[in-house]
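Peer 1: Listed here are the chains, written in short residue letters.
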Amino acid sequence: MMRHEFPGLQQQVHGKPLVYLDNAATAQRPQAVLDAINNYYLKHNANIHRGVHSLSESATELYEQARNSLARLINAPSEKDLIFVRGCTEGVNLVAQTFVRSRVKAGDEILISHLEHHSNIVPWQILCEQTGAKLKVIPMNQQGELVLDDLDQLLNERTKFMSVVHVSNALGTINPVKKLIAAAHAKDIPVLIDGAQATPHIKVDVQDLDCDFYTVSGHKMYGPTGSGILYGKSEHLSAMPPYHGGGEMISKVTFESTVYNAVPAKFEAGTPNIAGGIGLGAAAEFMMTVGMDKIAERDQVLKVYAEQALSEVPGLRLVGTATNKSPVFSFVIDGIHAHDIGTIIDHHGVAIRTGHHCTMPIFQFYGLAGSCRASLAFYNTEQEVDVLVESLLKAKAMFQ
Amino acid sequence: MMRHEFPGLQQQVHGKPLVYLDNAATAQRPQAVLDAINNYYLKHNANIHRGVHSLSESATELYEQARNSLARLINAPSEKDLIFVRGCTEGVNLVAQTFVRSRVKAGDEILISHLEHHSNIVPWQILCEQTGAKLKVIPMNQQGELVLDDLDQLLNERTKFMSVVHVSNALGTINPVKKLIAAAHAKDIPVLIDGAQATPHIKVDVQDLDCDFYTVSGHKMYGPTGSGILYGKSEHLSAMPPYHGGGEMISKVTFESTVYNAVPAKFEAGTPNIAGGIGLGAAAEFMMTVGMDKIAERDQVLKVYAEQALSEVPGLRLVGTATNKSPVFSFVIDGIHAHDIGTIIDHHGVAIRTGHHCTMPIFQFYGLAGSCRASLAFYNTEQEVDVLVESLLKAKAMFQ
Amino acid sequence: MSELNKLYKKAVLAHNKNPHNYGKPETWTHHAEGLNAICGDLVEVYLTIADDRLVAVNFAGESCAIAMASASMMTELSTGLTLQDWQNRFNLFKQLMDPNNEQVSYDELGEVNTLITVKKFPSRIKSATLCWYAVDAAIKGQSSTTTE
Amino acid sequence: MSELNKLYKKAVLAHNKNPHNYGKPETWTHHAEGLNAICGDLVEVYLTIADDRLVAVNFAGESCAIAMASASMMTELSTGLTLQDWQNRFNLFKQLMDPNNEQVSYDELGEVNTLITVKKFPSRIKSATLCWYAVDAAIKGQSSTTTE
Ligand SMILES: Cc1ncc(COP(=O)(O)O)c(C=O)c1O
Ligand SMILES: Cc1ncc(COP(=O)(O)O)c(C=O)c1O
Numbered sequence: 001m002m003r004h005e006f007p008g009l010q011q012q013v014h015g016k017p018l019v020y021l022d023n024a025a026t027a028q029r030p031q032a033v034l035d036a037i038n039n040y041y042l043k044h045n046a047n048i049h050r051g052v053h054s055l056s057e058s059a060t061e062l063y064e065q066a067r068n069s070l071a072r073l074i075n076a077p078s079e080k081d082l083i084f085v086r087g088c089t090e091g092v093n094l095v096a097q098t099f100v101r102s103r104v105k106a107g108d109e110i111l112i113s114h115l116e117h118h119s120n121i122v123p124w125q126i127l128c129e130q131t132g133a134k135l136k137v138i139p140m141n142q143q144g145e146l147v148l149d150d151l152d153q154l155l156n157e158r159t160k161f162m163s164v165v166h167v168s169n170a171l172g173t174i175n176p177v178k179k180l181i182a183a184a185h186a187k188d189i190p191v192l193i194d195g196a197q198a199t200p201h202i203k204v205d206v207q208d209l210d211c212d213f214y215t216v217s218g219h220k221m222y223g224p225t226g227s228g229i230l231y232g233k234s235e236h237l238s239a240m241p242p243y244h245g246g247g248e249m250i251s252k253v254t255f256e257s258t259v260y261n262a263v264p265a266k267f268e269a270g271t272p273n274i275a276g277g278i279g280l281g282a283a284a285e286f287m288m289t290v291g292m293d294k295i296a297e298r299d300q301v302l303k304v305y306a307e308q309a310l311s312e313v314p315g316l317r318l319v320g321t322a323t324n325k326s327p328v329f330s331f332v333i334d335g336i337h338a339h340d341i342g343t344i345i346d347h348h349g350v351a352i353r354t355g356h357h358c359t360m361p362i363f364q365f366y367g368l369a370g371s372c373r374a375s376l377a378f379y380n381t382e383q384e385v386d387v388l389v390e391s392l393l394k395a396k397a398m399f400q
Numbered sequence: 001m002m003r004h005e006f007p008g009l010q011q012q013v014h015g016k017p018l019v020y021l022d023n024a025a026t027a028q029r030p031q032a033v034l035d036a037i038n039n040y041y042l043k044h045n046a047n048i049h050r051g052v053h054s055l056s057e058s059a060t061e062l063y064e065q066a067r068n069s070l071a072r073l074i075n076a077p078s079e080k081d082l083i084f085v086r087g088c089t090e091g092v093n094l095v096a097q098t099f100v101r102s103r104v105k106a107g108d109e110i111l112i113s114h115l116e117h118h119s120n121i122v123p124w125q126i127l128c129e130q131t132g133a134k135l136k137v138i139p140m141n142q143q144g145e146l147v148l149d150d151l152d153q154l155l156n157e158r159t160k161f162m163s164v165v166h167v168s169n170a171l172g173t174i175n176p177v178k179k180l181i182a183a184a185h186a187k188d189i190p191v192l193i194d195g196a197q198a199t200p201h202i203k204v205d206v207q208d209l210d211c212d213f214y215t216v217s218g219h220k221m222y223g224p225t226g227s228g229i230l231y232g233k234s235e236h237l238s239a240m241p242p243y244h245g246g247g248e249m250i251s252k253v254t255f256e257s258t259v260y261n262a263v264p265a266k267f268e269a270g271t272p273n274i275a276g277g278i279g280l281g282a283a284a285e286f287m288m289t290v291g292m293d294k295i296a297e298r299d300q301v302l303k304v305y306a307e308q309a310l311s312e313v314p315g316l317r318l319v320g321t322a323t324n325k326s327p328v329f330s331f332v333i334d335g336i337h338a339h340d341i342g343t344i345i346d347h348h349g350v351a352i353r354t355g356h357h358c359t360m361p362i363f364q365f366y367g368l369a370g371s372c373r374a375s376l377a378f379y380n381t382e383q384e385v386d387v388l389v390e391s392l393l394k395a396k397a398m399f400q
Numbered sequence: 001m002s003e004l005n006k007l008y009k010k011a012v013l014a015h016n017k018n019p020h021n022y023g024k025p026e027t028w029t030h031h032a033e034g035l036n037a038i039c040g041d042l043v044e045v046y047l048t049i050a051d052d053r054l055v056a057v058n059f060a061g062e063s064c065a066i067a068m069a070s071a072s073m074m075t076e077l078s079t080g081l082t083l084q085d086w087q088n089r090f091n092l093f094k095q096l097m098d099p100n101n102e103q104v105s106y107d108e109l110g111e112v113n114t115l116i117t118v119k120k121f122p123s124r125i126k127s128a129t130l131c132w133y134a135v136d137a138a139i140k141g142q143s144s145t146t147t148e
Numbered sequence: 001m002s003e004l005n006k007l008y009k010k011a012v013l014a015h016n017k018n019p020h021n022y023g024k025p026e027t028w029t030h031h032a033e034g035l036n037a038i039c040g041d042l043v044e045v046y047l048t049i050a051d052d053r054l055v056a057v058n059f060a061g062e063s064c065a066i067a068m069a070s071a072s073m074m075t076e077l078s079t080g081l082t083l084q085d086w087q088n089r090f091n092l093f094k095q096l097m098d099p100n101n102e103q104v105s106y107d108e109l110g111e112v113n114t115l116i117t118v119k120k121f122p123s124r125i126k127s128a129t130l131c132w133y134a135v136d137a138a139i140k141g142q143s144s145t146t147t148e
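Just so you know, the protein sequences line up as chains A, B, C and D, in that order.
Take 1 as the starting number for the first sequence in this note's numbering and just add one per residue.
Take 1 as the starting number for the second sequence in this note's numbering and just add one per residue.
Take 1 as the starting number for the third sequence in this note's numbering and just add one per residue.
Take 1 as the starting number for the fourth sequence in this note's numbering and just add one per residue.
None of these hints come from the bench; they were simulated from the model.
Certain hints may be false.
Here are the computed distance ranges between Cβ atoms for each label pair [said to hold, decoys possible]:
1) V147/A <-> G23/D: 51 to 61 Å
2) E390/B <-> N91/C: 35 to 45 Å
3) E102/D <-> Q308/B: 37 to 47 Å
4) Q130/B <-> V147/A: 36 to 46 Å
For each residue, glycine too, the CB sits at the ideal point set by N, CA and C.
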């Protein structure tokens with residue numbers, strides 16, 4: 001589906017056609033994204049927001065149009081609620097150090113889940129160290145689903161913030177975030193949703209979710225590296241202290257005092273990744289043209305096919321078997337370490353990831369050092385899944 | 001000089017050949033930089049550092065080679081002393097919130113200069129607000145040079161850090177940073193140098209300067225937007241607390257505790273701007289191929305020519321006339337506001353910047369709301385300077 | 001006439017050179033400053049409001065020709081209006097400056113309509129609207145505003 | 001033989017399946033863990049050092065075949081060496097794994113030389129060197145090391 005639009009997929013690795021199944025690490029980008037980047041550098045190469053000359057005006061317009069495209073993709077009330085960031089990691093750190101840091105004190109609690117990526121764990125650990133707050137964790141079960149039985153106690157009067165991943169990058173689990181948000185809001189606890197793995201696969205509607213913050217990783221949703229979005233409810237963004245100090249985020253500076261600019265400029269100090277933001281806008285437009293419903297549908301077809309195909313590999317054990325999941329497959333094979341599998345199947349053209357996928361606690365839960373992870377995107381094919389399976393059989397044969 | 005290598009220069013604006021004199025805001029990029037970006041997206045599109053498959057390996061290699069190119073450009077002892085950042089603004093904020101924040105308390109002083117860009121003022125104001133430290137300022141004179149008469153008192157036992165711009169973006173002044181660093185070091189005060197406007201124009205040698213930190217803005221030195229470098233002495237980088245929490249910056253995570261990774265990974269949480277870093281490496285290689293001495297020489301030829309040409313425009317007053325300066329010209333013209341000049345000469349194809357150039361304190365010093373700024377790069381020509389002068393005369397005529 | 005000449009038409013240059021109602025008055029009841037962070041335009045407006053009516057509207061500050069002319073025209077148009085009428089004019093002016101709006105003049109705006117070309121210069125729209133936002137802020141009792 | 005078959009040559013697979021000196025010993029004098037953060041390889045080394053000599057070298061942990069085989073071969077090679085000799089072997093091994101070094105074997109390294117192909121797989125070099133760095137850390141009295 002739309003495969004021909006992705007030039008990175010048309011290549012060979014070790015003399016074999018590339019089978020790219022490492023989409024959860026970073027996606028391939030459609031030609032439209034590369035064209036948008038090049039178009040900026042060739043025709044609109046200027047800094048934004050501060051110039052009266054034509055290039056600066058058109059660059060600014062492209063950048064702000066991109067913000068608008070992203071607002072439409074996630075159905076934000078206004079593009080002014082979107083802050084351009086480097087990726088999800090920066091988004092979470094920004095919220096932790098501004099919004100949350102100004103609200104917590106020693107003894108307060110921050111609630112995350114056992115399914116979090118390190119980027120939604122470590123910023124909170126740093127915050128806890130700075131403030132004396134405590135990190136609490138919603139537990140998981142063998143299927144890789146969150147266990148919500150004790151949610152009512154976990155969300156208590158000490159809980160000042162909840163931050164939960166929408167879709168697990170390691171297991172593919174799609175969490176019931178709408179329900180979690182409602183439960184937190186019932187106790188007036190604001191919520192951030194880490195959407196790194198959600199926007200590439202499913203329709204996200206931040207107003208329907210009613211989340212307070214939502215982070216988007218551009219490079220995982222077919223956009224450029226170094227691009228991403230932090231959505232925040234406008235009342236939060238207006239009230240929060242700024243993050244980076246610098247140009248563009250101020251409206252008046254003297255050595256004695258400084259007046260901050262309006263949102264989103266307040267949070268966008270310095271020259272941003274202009275080409276990256278414009279490219280990300282092109283990615284959003286591309287996805288809306290393909291249709292998020294079509295993408296989600298295709299994902300589920302691939303998921304069912306791959307689940308079946310992998311289950312036929314002898315000795316292969318799937319790690320994470322949630323009912324509601326995206327086409328991400330973590331697995332281990334008896335007698336071969338993940339790292340060796342990765343190297344061997346790479347020689348058959350198949351790119352997967354091996355290791356802990358920046359989710360060590362998940363693998364500690366399973367008592368594993370890591371796994372192989374095949375993560376699919378809508379442009380992958382059933383034939384590619386077959387090549388994966390064949391290459392796994394060859395790896396097994398090699399270790400017999 | 002090498003002008004044909006810059007595709008962005010080969011275009012028309014309002015039907016006139018583009019005369020791009022807004023290089024201090026952001027530079028044009030050589031084809032080699034665009035090629036490096038596209039090559040990554042087309043042939044090596046993968047996440048870095050964490051993969052065993054071929055694309056990930058080659059992407060990692062390209063990224064780390066880029067780090068090496070930048071280390072050679074600024075003569076860092078090792079590429080491990082270089083942290084990829086979004087730009088100078090992030091570099092300064094990172095140092096303020098990690099290295100400096102952990103060393104200052106109420107009553108301590110941070111010393112900057114009157115010539116700073118907002119991105120080297122506001123991060124320190126934020127830090128001062130957080131810690132109760134005080135911001136002190138090295139004064140300037142009418143020529144736009146720093147006045148060092150009271151340096152000995154400004155660097156006192158309360159001074160915990162000094163942060164000074166190498167080359168002023170508003171006036172072009174090249175500060176005697178080596179002397180300033182030596183004076184600070186004589187009192188054991190560490191120093192950051194904001195090199196945003198230095199690396200595009202002059203040979204920077206961080207070992208010769210002996211600065212503790214040095215920030216580089218990629219997009220101003222012919223590299224991609226959203227790219228930059230923070231150099232730090234390795235003993236500082238090792239001892240500093242991390243900045244962002246997330247993937248890649250850790251070596252072990254449990255919910256109870258986390259072990260941070262070695263430098264530079266410790267400071268590079270999350271997926272970086274991979275294409276941006278690789279493109280910046282290509283920019284550094286490009287500049288080393290042209291030769292920093294050649295670039296600096298050409299700059300001075302252009303500077304002398306432009307200074308002479310502008311001085312012949314009746315009613316034009318240059319703001320900032322330092323003896324040692326790069327080809328950056330701030331000016332005002334009697335009876336026409338800078339903003340109007342900018343709009344009018346844009347219609348003759350000439351791109352300059354107008355306003356306060358993110359250096360409001362400099363213009364408060366001169367009692368001006370702002371200026372016109374023509375900032376040249378080595379690829380500009382004498383003919384372009386002539387077009388600038390003609391267009392200024394036309395603007396004057398319009399307002400007669 | 002080129003777009004540039006339309007932008008800097010005679011009326012605009014004349015208002016810029018000899019702005020009406022310019023300078024800080026001796027007395028006033030409401031004041032606000034308007035700051036355009038991007039270009040450094042600064043406008044101070046001084047209002048005398050009595051019986052919900054703008055009895056006097058003055059301005060000061062250093063700005064580009066567009067901001068100066070717009071402020072000069074605005075003070076002329078505004079003096080004597082009820083606050084309600086002023087608000088209507090402000091809304092019409094915002095519509096006049098909206099690049100997506102095709103209408104090129106509004107009877108109620110009089111000479112202010114000559115600023116129509118500004119909307120073809122996106123980075124200059126804020127120069128033209130700055131003084132209006134400042135008056136709006138002053139009426140609302142705010143001391144400053146920025147166009148953003 | 002393909003590069004892949006050279007990497008996973010018989011000797012490597014055999015050591016992986018039946019690693020020598022594997023398992024936590026009853027006594028030891030020095031211990032360290034080696035962690036390869038990227039792939040999750042974890043190696044624990046247990047040394048008995050007496051009179052500046054490695055009397056016993058054991059290891060445990062769960063790792064890929066390259067790390068297992070390398071550790072197995074390393075323990076064999078190291079047992080009985082003086083600390084000085086061990087350090088020399090370590091330096092030679094680092095040279096063997098250096099992609100810029102052309103020499104393909106060092107007499108002093110014996111069977112360890114069979115790991116030469118690893119250097120053509122950049123992401124796997126750290127698997128091979130992990131156990132060596134762990135022994136080095138243990139000798140120096142550090143409790144852990146990471147290959148970075
Ligand atoms: C679930 C999840 N959250 C956060 C991140 C971090 O995102 P980024 O690489 O954009 O910083 C990732 C990507 O690795 C992820 O998969
Ligand atoms: C002197 C100076 N310092 C810092 C900056 C900020 O750099 P960046 O845009 O890379 O954040 C700039 C650029 O505007 C500058 O000119």
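Peer 1: Check the structure against each numbered hint from earlier and tell me which ones fail, lowest number first.
Peer 2: Failing hints, ascending: 1 and 3.
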